[in-house]
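For this one, chain U is given, so just place chains E, X and W on it according to the hints.
There are 4 protein chains.
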Amino acid sequence: MLSLQDLLLLFTETRAQSELICSFLEVEDYVVQPRENVSPPKWHLGHTTWFFEEFVLKDHNKDYELYDKNSAYVFNSYYESVGEKVVRTDRGNLSRPTVAWVYAYRNYVTKAIIDFLEQTEISKELCGILEIGCHHEKQHQELLLTDIKFILGNNPLLPVYNKQFEENPIEDFEAEWLKIEEGVYEIGHQSTDFCYDNELGVHKTYLQNFEISTKLVTNREYLEFIEDGGYEDVLLWHAEGWDWKNTNNIKAPLYWHNVNGDWHQYTLSGLIRLIPDAPVNHISYFEAFAYAQWKGMRLPTEAEWEIAQKQFNWGTRWEWTESAYSPYPGFKTAEGALGEYNGKFMVNQKVLRGSSVATSEKHARHTYRNFFQPELRWQFTSLRLAK
Amino acid sequence: MLSLQDLLLLFTETRAQSELICSFLEVEDYVVQPRENVSPPKWHLGHTTWFFEEFVLKDHNKDYELYDKNSAYVFNSYYESVGEKVVRTDRGNLSRPTVAWVYAYRNYVTKAIIDFLEQTEISKELCGILEIGCHHEKQHQELLLTDIKFILGNNPLLPVYNKQFEENPIEDFEAEWLKIEEGVYEIGHQSTDFCYDNELGVHKTYLQNFEISTKLVTNREYLEFIEDGGYEDVLLWHAEGWDWKNTNNIKAPLYWHNVNGDWHQYTLSGLIRLIPDAPVNHISYFEAFAYAQWKGMRLPTEAEWEIAQKQFNWGTRWEWTESAYSPYPGFKTAEGALGEYNGKFMVNQKVLRGSSVATSEKHARHTYRNFFQPELRWQFTSLRLAK
Amino acid sequence: MLSLQDLLLLFTETRAQSELICSFLEVEDYVVQPRENVSPPKWHLGHTTWFFEEFVLKDHNKDYELYDKNSAYVFNSYYESVGEKVVRTDRGNLSRPTVAWVYAYRNYVTKAIIDFLEQTEISKELCGILEIGCHHEKQHQELLLTDIKFILGNNPLLPVYNKQFEENPIEDFEAEWLKIEEGVYEIGHQSTDFCYDNELGVHKTYLQNFEISTKLVTNREYLEFIEDGGYEDVLLWHAEGWDWKNTNNIKAPLYWHNVNGDWHQYTLSGLIRLIPDAPVNHISYFEAFAYAQWKGMRLPTEAEWEIAQKQFNWGTRWEWTESAYSPYPGFKTAEGALGEYNGKFMVNQKVLRGSSVATSEKHARHTYRNFFQPELRWQFTSLRLAK
Amino acid sequence: MLSLQDLLLLFTETRAQSELICSFLEVEDYVVQPRENVSPPKWHLGHTTWFFEEFVLKDHNKDYELYDKNSAYVFNSYYESVGEKVVRTDRGNLSRPTVAWVYAYRNYVTKAIIDFLEQTEISKELCGILEIGCHHEKQHQELLLTDIKFILGNNPLLPVYNKQFEENPIEDFEAEWLKIEEGVYEIGHQSTDFCYDNELGVHKTYLQNFEISTKLVTNREYLEFIEDGGYEDVLLWHAEGWDWKNTNNIKAPLYWHNVNGDWHQYTLSGLIRLIPDAPVNHISYFEAFAYAQWKGMRLPTEAEWEIAQKQFNWGTRWEWTESAYSPYPGFKTAEGALGEYNGKFMVNQKVLRGSSVATSEKHARHTYRNFFQPELRWQFTSLRLAK
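Chains as they are written, first to last, in the UniProt record's numbering: chain U, 1 to 387; chain E, 1 to 387; chain X, 1 to 387; chain W, 1 to 387.
Here chain U stands alone, though its shape is the one from the complex:
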């Protein structure tokens, strides 16, 4: 269990970080929702605040007065068991509450939590909920960055978010193949540090002999796939991937622009020329799979990745794995509304491992199980080959 001091530090740093991320925005940028799964930044700011109000202050502080009884309605998201909610596709239609209101709401709740922490004996259970709240907000910080990128990167004016944001670390070392011996291995979260429920349950798993690359696929390599007709060869694709690609007229990763024959990519620091030695970015699982097929190789499973990961660098891109998102042995959904969190998404999603340049500090760990539908590409996603 965290000390009060550590908990306060975690909480205040987390709260400040969300606001720092948004400090580069215009008021208008907080409001729009160009796709169903891209939420308006003000919604992220409000929703992470609502979480603390709903699960900490309302439940544990009997003196607490709600900032505004309508807020829950607007900022609840997937917690279907806690009251009515705003349909996800409607979030971008809500001009009110305003951005200024959301910041006032944040301040009110942040202060209320700090006051509460300083005046109350914090139980282990409550400490756990506060930690979840902070990590929940850290997760939304990554979504803030990817949603902001989507909002600005699909605006015809291609505005810069922050000139200093560096998302393309150059990796100019040679790739090597790590060989892992077959046998029984253990995976799952082991320490007492924070983790989500879906990582719990250390358990044995049997791995066959396999090899995994020490390096992510680069833009240069991915471009070869494109130029070799990879997007036109049906045999490289899943049936569903092929339909997705055709329906959406996909011919390159998201944010790639061919300007007069030269490939560029939109980044949070603006439109730049494609950097050949940077890891490929913003591809769907379908594309990652097709690329691996084209190489005659495959994606690693999440267990393979977890066992091998000590021996290579990771952390600039989320890495698609071949594993479907399923419960670990012994996984139990927690009781009550917080139990809605992870289990309900365990179908039709693929696991991604690692973390990315957009992941918040202290939010990355080698047992983290990220997951998205196989067609989604607005996260910082890439691939590592296995065979």
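Simulated from the structure, these hints should not be mistaken for laboratory data.
Treat the hints with care, as some may be off.
Stated by the list, open to error - Simulated coverage check for chain U against chain E, where a stretch passes if three residues somewhere in it have a Cβ under 8 Å from a Cβ of chain E:
| # | segment |
| --- | --- |
| 1 | 19–29 |
| 2 | 92–98 |
| 3 | 156–162 |
What the hints assert, rightly or not - So the derived label-pair ranges between C-beta atoms look like this:
| # | chain 1 | residue 1 | chain 2 | residue 2 | range |
| --- | --- | --- | --- | --- | --- |
| 4 | W | Asn246 | U | Thr192 | 39 to 49 Å |
| 5 | X | Glu166 | W | Lys124 | 51 to 61 Å |
| 6 | X | Asn258 | U | Asp233 | 22 to 32 Å |
| 7 | W | Val259 | X | Lys58 | 19 to 29 Å |
| 8 | W | Asn246 | E | Lys295 | 37 to 47 Å |
| 9 | W | Glu166 | U | Phe331 | 53 to 63 Å |
Built from N, CA and C at the ideal position, the CB exists for glycine as well.
Relative to chain U, chains E, X and W alone:
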């Protein structure tokens, strides 16, 4: 042809009025687009400005420098013949250009037009285009109000736009039936004042004997229709109207809310109790038609309305007519981009006559032909019975 | 009122004709529904039979025993006021009742009607319903032919329906312009012969001076429009027509196939080379309008067509008019289920005048008001220019 | 490798079985396609025939003359690499080729294969393709039954397919819990008998301690779940399952009908009262999962099922597992068009194990990996609990 002084007055008053309408908004309210046919207020402000830049300054002032060459792309609308445009459903996804940018753009163009007017000999043609530009902006002023109402009126917080806005004049006089004799009548715009091309061509038309009410249908009367099961009686509805009603689960006019058994309606001054003696508001043509069927009567045609209108008061609500929107005899589309204006909508729309509490000053006239798809209700629409 | 003999003749001839039309089909052809508005032939055979059972036998012959109480459910169509019905898009999913069952049902009802006519005193009202039933079935005979054409003409094997069916009469005379003087004219059905309720109400209308062509637009002329880029010039099209054309990738009339550079068209007698001197066929209102715009002319109104039609030949193609389908002055919906027939479609449809090579004998008359949505093309439709 | 005699027997029995299944149909039943994933029976008959023509006769018998060069176009399905194909949703719109044509095509190809087998030295590779062809057709035999059930079971007349078809074996023994010890196990196809490529690659896997029921969940038990509000408790469902259920208004398994308060179910032998002791049938993975959540248990993984299956009876229902359909270690897509077969579906599908009353003889085996999207229910699907 207007004098320079009148033209300047028309122009400056019109420009100021759009900004006055928006002065009650928060920045966030300018951005959203909750339905395809409801545009973000900042788009209206930019688009009406683009019109003057594109058709006056760019074409007629060789010294003019564009404020920003990307603006046309963002603010062009239905003028398909003038460059690329932003797809209508994407308008609400554009956080940039910002509201501040749009106001700067407005100021730049407004000033450029005034300078140009004061320094140039204005031809009759150019004067005509400027007049169209002003009336085009006046038309968007009404859309601004109705779109703002839709944006705020569909927000779960139901925010007030302007406490002073009065949209429900009480009409407590008795309705009478005007009798009009059959014969040949003339309709169409006759004076030298401004009008749109679709009103032109004064022409004879033959009317049968008919009677028309001196009063719009009231909320009280419409409520009787609802309570008598009007929304559930298939024989009162067009086949297409019945499908529309069922698909959208329509059971009352737009903005009606049943709060604990009492009917309320959202207005630009907030949520109020339904006013029984005010004219019914925000109904579709389909609903107007079903109401008239239920009464054993009908809607007037636009010719009947135009001939009879001198003998009753109008101007608080747009009035659905039975007439489909079609060209008057001899109607010719104007040459070039401005010619796209009216003719291209002359299919699958119904004519509305009169004007409403949201219509801009000097924009109402008895020959005005407004038109919308029969299912739309976000304008201030009502009905007057004929038989 | 028809004599018993004439009524029997009308009835028996009509019933036989529907079966003759279907005699060229395979069993499988009776079943499919490739588009929502194209019904399976067995549905037409059953529905026209159901009409006589429902409105004549069930209502007027107390000794009548229903052939099968489920039949009404399956073969009811738009008569929403008479019991449940099969949703239109589901008709093509119903393999039962079988074709053999439908023919047995037809025979049973046909015989029951004949027996009933021969044994009963037929009232004027009943005679009217029987006449409507026959004309209703004649109308479905044309739909049978156009639906069969759609079913076979969209099959990749392009099977022949009937080698003898002639749908392209060559018209090699020179077109002339008829001039009609402005003034008050009368239109509407005048004789005591059968007509639909939408034609009733002879009434005066005022026409301006106009000219109308004595000849339909030919394939040769329409091809010039295509080759001149008519399908790519936005200024020729309604906004809604332009969207329809783009969404559906329309570049020529329905059933045109460009085979190695030569235009062919599918006909009920198979795929043939395009006949330059035949009237253009299977175009939408949107295309007819765009063609007229391209010529600098227009489509006639239905009143113009009715007044001028004595002076030209018509009958090979339905002719799109500029008129929206609206009630004539004094139009009243009939009481009860039969009243659903025409009025409920009086919105968002365009009137077509004349008749076609697919129209049943004795079903064409100069006051007939056919109507369809402006995008539909599977009827035998063409255009005649006016100015 | 099979002997010639065994191969001939396998082939002729398989071909005859498909026709036996269809012998209970009316011609009309062969034609319709009520849902995208339910193919017309004549398509199954033609497609399985096309497989032999395309991959055996065309490729290996140079004297073979195609029955009709258009057939490939119509009966190709998912083999995107082999020529054009008919879009899946259009299959039900094709009245031609006729059923009679399809039977003639079958006879021609069946005879050509037999002649070819009797006159040629069959290589091991060709023998393999023929075996695949037979098992491919056996797989379509199950689809024929489930598609026929869907076609007739969604017809408002609920026609009987075959009075003798028994799909509800009563299981009146007590369920027991088998306990399996944790450890390394081997799964995958081991014998030299036929199997699909997705079963290959015997490999070790680590299982934790688990228990699995010896009996499928019964209708009686499933009804308790319904009556306890299982379909209304959001916490039991995946997010995607909850949406699916609400969008489609699902409140019970497919083919259940509540007739005056009594539950019935449509079966291939007609509508019957629900049999409490029969295993529940026609449920989606989402429903199976929700049921297991409600019991506080879970579905087995496919590896658990395969290891435990010797100790319980199976074969009346396909059993949903928790396992997503993924490649076994070392899985390689075969070269060429046949390689499209299985791998391309390895995303967003769940594995089902066992077999059903509709599975063809000799087509069931304990390593068989069936797979479907989690929302599909038209197969004979059920669930077995694990914990």
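Hints broken by the structure, by number, lowest first?
9
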